[in-house]
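Following the hints, position chain B against chain A.
2 protein chains.
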Amino acid sequence: MNNKGKIYVVGIGPGNMEHMSLMALKAIEKSQVVIGYKTYINLIKDLLKDKEVIDSSMKKEIERCNLTIDEAEKGRIVSIVSSGDPGIYGMAGIILELINKRKSEIDVEIVPGISAANAAAASLGSPLMHDFAVISLSNLLTDWEIIKKRIECAAAGDFIISLYNPKSKRRVNQIAESRDIILKYRKPSTPVGIVKNAKRTGEKVIITDLENMLNYEIDMFTIIIVGNSNTYIENGKMITPRGYNI
Amino acid sequence: MNNKGKIYVVGIGPGNMEHMSLMALKAIEKSQVVIGYKTYINLIKDLLKDKEVIDSSMKKEIERCNLTIDEAEKGRIVSIVSSGDPGIYGMAGIILELINKRKSEIDVEIVPGISAANAAAASLGSPLMHDFAVISLSNLLTDWEIIKKRIECAAAGDFIISLYNPKSKRRVNQIAESRDIILKYRKPSTPVGIVKNAKRTGEKVIITDLENMLNYEIDMFTIIIVGNSNTYIENGKMITPRGYNI
Chain A
0 MNNKGKIYVV
10 GIGPGNMEHM
20 SLMALKAIEK
30 SQVVIGYKTY
40 INLIKDLLKD
50 KEVIDSSMKK
60 EIERCNLTID
70 EAEKGRIVSI
80 VSSGDPGIYG
90 MAGIILELIN
100 KRKSEIDVEI
110 VPGISAANAA
120 AASLGSPLMH
130 DFAVISLSNL
140 LTDWEIIKKR
150 IECAAAGDFI
160 ISLYNPKSKR
170 RVNQIAESRD
180 IILKYRKPST
190 PVGIVKNAKR
200 TGEKVIITDL
210 ENMLNYEIDM
220 FTIIIVGNSN
230 TYIENGKMIT
240 PRGYNI
Chain B
0 MNNKGKIYVV
10 GIGPGNMEHM
20 SLMALKAIEK
30 SQVVIGYKTY
40 INLIKDLLKD
50 KEVIDSSMKK
60 EIERCNLTID
70 EAEKGRIVSI
80 VSSGDPGIYG
90 MAGIILELIN
100 KRKSEIDVEI
110 VPGISAANAA
120 AASLGSPLMH
130 DFAVISLSNL
140 LTDWEIIKKR
150 IECAAAGDFI
160 ISLYNPKSKR
170 RVNQIAESRD
180 IILKYRKPST
190 PVGIVKNAKR
200 TGEKVIITDL
210 ENMLNYEIDM
220 FTIIIVGNSN
230 TYIENGKMIT
240 PRGYNI
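These protein sequences, in sequence, are chains A and B. The numbering of the first sequence is the numbering used here, which starts it at 0 and goes up by one. The numbering of the second sequence is the numbering used here, which starts it at 0 and goes up by one.
This is chain A alone, in the form it adopts within the complex:
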């Protein structure tokens, strides 16, 4: 028996398997155990025949990561899967922090994935062609004051702004407050893309503007991209020019 375990922290991309990388596929194939939140496990269930699968519910990230390390310490090869990129608001950080806390010597490999903002951008056109900021509006782990300051700085710097976790059932005001901050720096006609389930079954793409964005459905499966001062809409696509003389 191989008693040297290994952990792959695998980004499966936005959802549907076709946006997963070959390396992610290979990591899952090599694994004896696959661990993840059940929504993500379901997205890749075709890959999981003959594997031990441990699905777990939301908000149990630390438990899930500890379990991953436990399994690897038994000498097994374990994949813990995140949607998108595990390095962006995903499992990579928690795994590395716990490995250090537990003084574990398990080898960890982070397998990057296509993150939600990249997927949403591809469906909107080319909104992220210039400098951009990525901000999560979830204040579960971060003070709302810090988040607001970041929105202010991103707006002042004329960054394109990608908002993750814009709204949940209990958290409904942040997106309106964020919009108000951005409106201090940008015109109401600034293009805004709203993408639900980016590059996943049930994708819904809306292109609107700062003035009207709150009239559309926004939830935890939605990514919002606010254009910079040069972003425009043409033929149903959101385009940020980079400055080429076209």
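It should be emphasised that the hints constitute simulated quantities derived from the structure, not laboratory data. Hints are not guaranteed to be accurate.
[To be verified] With a Cα cut of at most 20 Å, we get these calculated EDC-like pairs of lysine to aspartate or glutamate:
1) A:Lys148 / B:Asp157
2) A:Lys147 / B:Asp157
3) B:Lys29 / A:Glu17
[Claimed, not checked] Covered stretches of chain B (in silico footprint by chain A; criterion: 3 or more residues with CB under 8 Å from a CB of chain A, positions within the stretch not fixed):
4) 119-129
5) 139-145
6) 150-159
7) 224-236
C-beta: ideal position from N, C-alpha, C; glycine also.
Here is chain B on its own, set in the frame of chain A:
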């Protein structure tokens, strides 16, 4: 003959084929013509047998994109390939802008990829676990004053900062000026990751800090990630905590 052409704007990921998505692979397989800068064409040459391949040299982005549209207008299926994600400083924007300018009705599909910052982050540990800004230091297409303002805003907002195109043969001072701006807001001991050829053959990963970062080799194939005020280094990994109680 199928006279309805199509364009795939394909992100091949950071370089080595294993980080390409299944969708990118499929798009290239479906294509009759594949167009790209020769460095990227070389990275995927195993996929290009039996295809017409048009490689072109750097700085001819607009010519290359016009050629892509010309080929598609002949009724062919054409992939234009970018490294990383074509929607981030890549070909997606130019293609869409030219399609509009030429009033072409060719169908364009953007195939997202793993971008360089995500790849570099995976090799460094988990530096991008909190809000971050992506800034290109190339002032070929953007005024240096605008770039400096963005660095200032990103630093003031305590964003993790990913710098693309940090230095070229002719452009050597921007990275030092950028560092000076960031040092107004962050300690000299703030962790900095320098990754050359992220997730590509010849990868070189350095973890240092703001004080010492300029002592290392930095060029156009390098991505730099500057931590936020909470980022730390442990066991050779750069980690930004998200706020979990670990």
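So if I understand the rule, the pair passes when the alpha-carbon distance is 20 Å or less; does Lys148 (chain A) with Asp157 (chain B) pass? OK: Lys148 (chain A) and Asp157 (chain B) at ~9 Å, within 20 Å.
According to a criterion of three or more residues whose C-beta lies within less than 8 Å of a C-beta of chain A, is the region 139-145 of chain B covered? With 3 residues in contact (Cβ-Cβ under 8 Å with chain A), the coverage given for the region 139-145 of chain B holds.
Counting residues of the region 150-159 of chain B that have a beta-carbon nearer than 8 Å to any beta-carbon of chain A, does the count reach 3? holds (count 7)
Agreement of Lys147 (chain A) and Asp157 (chain B) with the hint, judged by alpha carbon distance not exceeding 20 Å: holds, 12 Å
Apply the coverage criterion to the region 119-129 of chain B and chain A: a residue qualifies when its Cβ sits closer than 8 Å to a Cβ of the chain, and three qualifying residues are needed. holds (count 9)
Given hint Glu17 (chain A) paired with Lys29 (chain B) - CA-CA distance at most 20 Å: holds, 14 Å
Count residues of the region 224-236 of chain B with a Cβ under 8 Å from any Cβ of chain A, then say if the count reaches three. holds (count 3)
The earlier numbered hints are all upheld by this structure, with none contradicted.
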